[in-house]
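S.K.: Put together the whole structure using the sequences plus the hints.
Residue numbers (the working numbering): 617 to 775.
No lab work stands behind these hints: they were computed from the structure.
Be aware that one or more of the hints could be misleading.
[As the list claims (entries may be wrong)] Label pairs and their in silico Cβ distance ranges:
1) 719 - 627: 15 to 23 Å
2) 737 - 709: 27 to 35 Å
3) 712 - 662: 16 to 24 Å
4) 641 - 712: 25 to 33 Å
5) 641 - 708: 31 to 39 Å
6) 653 - 633: 15 to 23 Å
Glycine included, each C-beta is placed from N, C-alpha and C at the ideal position.
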Amino acid sequence: ILTTVGVITDSLGRTVSLLSTVSLRLPDLSPSSLIVAPQAARPGEAITYTLGLYNQGGGAPWVGFTGSLPSGLTWLGIYDAPVGDWEYLPAVRQIAWEGPALEGGEAVTVTWQLLVDAASAGRERILAVTIAHPCSQLTRQATVWIHYRVHLPLVLKGD
617 ILTTVGVITD
627 SLGRTVSLLS
637 TVSLRLPDLS
647 PSSLIVAPQA
657 ARPGEAITYT
667 LGLYNQGGGA
677 PWVGFTGSLP
687 SGLTWLGIYD
697 APVGDWEYLP
707 AVRQIAWEGP
717 ALEGGEAVTV
727 TWQLLVDAAS
737 AGRERILAVT
747 IAHPCSQLTR
757 QATVWIHYRV
767 HLPLVLKGD
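M.R.: Next up, the structure:
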């Protein structure tokens, strides 16, 4: 709530006070979420991240996000968003998306795919994205566990 007070004094010394109150409803993207599917993958598999941006507050003139790809995951260049502009910066392994206005009650879903590298086996990879709009920013993250690739049959030879 923004309140302003104005005081006016006329030439006869009479004073009048004016009070004006305006309610401002800021954007609130706190319900936004990031998920990965599958949550357990093997080297060589593609995984899909889905970022659901939901504004439960006042209108945002723009929304966007950035994220750095963890080692062991490779950008495939496969992405989808109904609106907005994508950018991938390979030198710093960063993805970025910026969309237009997101009014209160509106939502937009953004998806992209990454490839699991062989060097990731037996490890978890956490991707965090920073969601931003003119009034604030917040972070969402999703974790994928990378299984070892098993080749059968396993034959052991003795000396």
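S.K.: Just to be sure I understand the hint, the distance between the Cβ atoms of residue 653 and residue 633 should be within 15 to 23 Å; is that true here?
M.R.: With a Cβ separation near 60 Å, residue 653 and residue 633 fall outside 15 to 23 Å, so the hint is violated.
S.K.: Should the hint that residue 737 and residue 709 are 27 to 35 Å apart at their CB atoms be regarded as holding?
M.R.: Hint violated: Cβ distance 19 Å, outside 27 to 35 Å.
S.K.: Do the Cβ positions of residue 719 and residue 627 conform to the proposed distance bound of 15 to 23 Å?
M.R.: Violated, since residue 719 and residue 627 (Cβ atoms, about 47 Å apart) do not stay within the stated range.
S.K.: Is 25 to 33 Å right for how far apart the beta carbons of residue 641 and residue 712 are?
M.R.: holds, 27 Å
S.K.: Range hint 31 to 39 Å: satisfied by the CB atoms of residue 641 and residue 708?
M.R.: holds, 36 Å
S.K.: Take the C-beta atom of residue 712 and the C-beta atom of residue 662, compute their distance, and say whether it sits inside 16 to 24 Å.
M.R.: holds, 21 Å
The structure does not agree with the numbered hints 1, 2 and 6 stated previously, though it agrees with the rest.
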